[in-house]
Amino acid sequence: MSRFEESAPARGGFSFDLCKRNEMLMQKGLKPSSYLKTGTTIVGLVFQDGVILGADTRATEGPIVADKNCEKIHYMAPNIYCCGAGTAADTEAVTDMVSSQLKLHRFHTGRESRVVTALTLLKSHLFSYQGHVSAALVLGGVDVTGPHLHTIYPHGSTDTLPFATMGSGSLAAMAIFESKYREGLTRDEGVKLVAEAICSGIFNDLGSGSNVDVCVITKGNREYLRNYMLPNPRTYVSEKGYSFSKKTEVLLTKITPLRELVEVIEGGDAMEE
Amino acid sequence: MGDSQYSFSLTTFSPSGKLVQIEHALTAVGSGQTSLGIKASNGVVIATEKKLPSILVDEASVQKIQTLTPNIGVVYSGMGPDSRVLVRKSRKQAEQYYRLYKEPIPVTQLVRETATVMQEFTQSGGVRPFGVSLLVAGYDDKGPQLYQVDPSGSYFSWKASAMGKNVSNAKTFLEKRYTEEMELDDAVHTAILTLKEGFEGQISGKNIEIGMIGNDRIFKVLSPSEVEDYLQEAE
Numbered sequence: 004m005s006r007f008e009e010s011a012p013a014r015g016g017f018s019f020d021l022c023k024r025n026e027m028l029m030q031k032g033l034k035p036s037s038y039l040k041t042g043t044t045i046v047g048l049v050f051q052d053g054v055i056l057g058a059d060t061r062a063t064e065g066p067i068v069a070d071k072n073c074e075k076i077h078y079m080a081p082n083i084y085c086c087g088a089g090t091a092a093d094t095e096a097v098t099d100m101v102s103s104q105l106k107l108h109r110f111h112t113g114r115e116s117r118v119v120t121a122l123t124l125l126k127s128h129l130f131s132y133q134g135h136v137s138a139a140l141v142l143g144g145v146d147v148t149g150p151h152l153h154t155i156y157p158h159g160s161t162d163t164l165p166f167a168t169m170g171s172g173s174l175a176a177m178a179i180f181e182s183k184y185r186e187g188l189t190r191d192e193g194v195k196l197v198a199e200a201i202c203s204g205i206f207n208d209l210g211s212g213s214n215v216d217v218c219v220i221t222k223g224n225r226e227y228l229r230n231y232m233l234p235n236p237r238t239y240v241s242e243k244g245y246s247f248s249k250k251t252e253v254l255l256t257k258i259t260p261l262r263e264l265v266e267v268i269e270g271g272d273a274m275e276e
Numbered sequence: 033m034g035d036s037q038y039s040f041s042l043t044t045f046s047p048s049g050k051l052v053q054i055e056h057a058l059t060a061v062g063s064g065q066t067s068l069g070i071k072a073s074n075g076v077v078i079a080t081e082k083k084l085p086s087i088l089v090d091e092a093s094v095q096k097i098q099t100l101t102p103n104i105g106v107v108y109s110g111m112g113p114d115s116r117v118l119v120r121k122s123r124k125q126a127e128q129y130y131r132l133y134k135e136p137i138p139v140t141q142l143v144r145e146t147a148t149v150m151q152e153f154t155q156s157g158g159v160r161p162f163g164v165s166l167l168v169a170g171y172d173d174k175g176p177q178l179y180q181v182d183p184s185g186s187y188f189s190w191k192a193s194a195m196g197k198n199v200s201n202a203k204t205f206l207e208k209r210y211t212e213e214m215e216l217d218d219a220v221h222t223a224i225l226t227l228k229e230g231f232e233g234q235i236s237g238k239n240i241e242i243g244m245i246g247n248d249r250i251f252k253v254l255s256p257s258e259v260e261d262y263l264q265e266a267e
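In order, the protein sequence lines correspond to chains A and B.
The opening position of the first sequence corresponds to residue 4 in the numbering used here, with each subsequent residue numbered one higher.
The opening position of the second sequence corresponds to residue 33 in the numbering used here, with each subsequent residue numbered one higher.
Only chain B is shown next, with the shape it has when bound in the complex (with noise of 0.2 Å):
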């Protein structure tokens, strides 16, 4: 109970030595919308929920799923608005590394930038800690590579990883499935099978979205009829 007394500050550790905030703003990922990010042998898959508050909104004008560079992408859970914000600096440091070393950014490097940031918020005076974890997927000469970005500003490199509501089933079930030879078409399939698992009604290329990037260093967010597709031939 102690801890309560230095919950309100973010810049006051607690007597167990955490930053409550911090905990608090996990606490907020943690009730976010599933999403999970797979590496396959040749690409990166990621993919997440997309449950809008009310059948009245244009699911088409939101995307959760974003380009950061060409060969870069990203997705949250959590909420939204921080992870605009944590987007379009990204964007821009990744830019500002080109201008400076004329080669486009390599994955771990704006990870790195990226989780600076976040760590900065938790540090500061009159902010608060980003209430988002971002799953980074790219493709660069080191091959594909996943990372998860937390809101303390600790990263991960994942082979296979989920966050949000579902977190613990989606790990379990991607812990049995993942193999290390699984190539991306798989990948995509075992990502739709767990996003499945705890989903809440009916599944369709409406309600969720996959980013993929592959061989070609591309990424790029599917259509909602190319999500039927893999739907159809997950089945």
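Next up, chain A with everything else stripped away, as it sits in the complex (with noise of 0.2 Å):
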């Protein structure tokens, strides 16, 4: 069971035990990790009443749609979702094992979660692993403190942002928030621009495609808005159905039991101990 034991926080700072060995990797020919540009456009953004998330739905293998209509907003707490770019794998486990955790300080707590302890969570977790964990996230959410939106870079670096997009299609994303992004948005105004955004993503790039899912998270409540809007149906479904040609015939049909095989052993020792 040690293998789904809680990371707890390490002890007194750093620890150096693996920096030789890196050294020596290293020096052997061992590229250090570099951070990927990752098919998918998340973003987030603070409106009055709280924040909304938005994302994607495509999940790439190379140059091949593996899911046409994967989710990416993930569950954290009750009132702090997290949207995730980069490895899905990563993604996944990260949030996951965060979640598991904050989950246990709710117990312990009696207390709502705050976006910071997640936050603080996501981060020391990845800086800890040098960027090999491949996951950019959108962590957003409202606590006692009021709305926070925060991104997360592989390597454990944090901001803390009134707007924020990232993935591959992030720049697609980020252009229509400069131009259009306001303090003081209502929810409607929020929900409309969030899906402008991730639109741009899914029509420019083309890590990103398929639908939007939009999460709305404000005091008290939140809207798991999933496949918010479906740009990208398909365009033509044939009412008939396949109909295979004619030309295929059965010639015969033979079935022939498998003879089973048992090998007889005579005078064979019984069982010892």
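No lab work stands behind these hints: they were computed from the structure.
Among the hints, erroneous ones may be present.
Said to hold, decoys possible - Derived lysine to any residue pairs resembling SDA-like cross-links, with alpha carbons at most 25 Å apart:
1. B:K134 <-> A:S103
2. B:K134 <-> A:G113
3. B:K134 <-> A:R114
4. B:K124 <-> A:R117
5. B:K197 <-> B:K174
6. A:K126 <-> B:Y130
7. B:K174 <-> B:T140
8. B:K121 <-> A:S103
If you follow the hints, you should be able to join the two separate chains into one complex; please do so.
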């Protein structure tokens, strides 16, 4: 069960145990992990009553679309959600793990989780893996101290922003935000802006596509609008379904039972202890 | 008298086949404040006395009944600090189970894992057994359930049970009053009356604690004013 133990924060600062080994590996030719541009558009913005998060739904495996409708907005706590870009397994595992830690923390303290708690747990985990956990996250939520929006980079640095975008479609989405964002947006304006930014990513970036997911978090309430917009429907679906040509003929049907192969050993010894 | 020579080491059996430390742990439980639990047809209720050492203690800061998961709660008799450790471990185990199987932990599984922890402390070096018995109340797909876990690590499923100081009187009272068709509200009243039996002084919402779980499968600890309401109904 040790694999599933929570990683407790290390005592007494950075542990330099593996630095020598890393040096040796780099001299032998191992390249340190570089920041990968990832196929995703994820955004978040703060509006007058809380936070709105948005994401596209395409998961890519190189040039192939692996999942046309995946969920990139992950649950962290009833009042905190997190969008993830990067390696899907990394974002899933990291958000799952921190969500678990937050739940235990809520039991022990009897209080609602705070966004900065999730932020610190995530960034310490990512920093301790020195960027090898390829997860770029947009974390947003509303707690007792108000609405918060943060971005977290794979190496463990964070920003606190009123509007944020991450992923390969981040430039397309940021262009929309920079021109149209203002403080004090209403809920409908905010959702419309987020959807527009994600659509910009979907249409202008190859790594993003399919549908728009939106999550609106306000004090005491959250709305997860899965597939809020479907700007990429299948254009043509034949009503008749598929019909195969009649050239295939059944010539013969024969069922051959498999013969059981049993070896009989004469005079074998009984199993000895 | 030969037993006393074997009573210092936890991991040594006495000639009569007992582990004397566990017997002593049960004595510690038996001198703790009374707690009890009743399984009704549509839920479970657990209750305990909350006698504080002095009137100067802020009773709102003391909570004996704890939530382990949204649908499982626990109360103890015996040493409070020991129960805190067990509650913490149980919560963590429940969370680990959820992370592994993506299913809320069934009550029997959680009880079994807690009992395993308690047993480990009876067979390790340098530790002592826990001085608490726990009453675990939960509601899952198998319906309402009530379990008692002892310091030795053995656990039993009960329809109604009591532990602590007044255990024999309480159990006799429960045996007379318990019916299989009892509903949750009746169970709460019966629990209050059972606690009243052995209560020294005036019973009120501030010196008892009641936790219950019904068909909604959400365990909640009643606030002092809610307890007062039930107390008045039970009069």
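Do the hints match the structure? See the list:
no.: 1; hint: B:K134 <-> A:S103; verdict: holds (11 Å)
no.: 2; hint: B:K134 <-> A:G113; verdict: holds (23 Å)
no.: 3; hint: B:K134 <-> A:R114; verdict: holds (24 Å)
no.: 4; hint: B:K124 <-> A:R117; verdict: holds (20 Å)
no.: 5; hint: B:K197 <-> B:K174; verdict: violated (32 Å)
no.: 6; hint: A:K126 <-> B:Y130; verdict: holds (24 Å)
no.: 7; hint: B:K174 <-> B:T140; verdict: holds (10 Å)
no.: 8; hint: B:K121 <-> A:S103; verdict: holds (14 Å)
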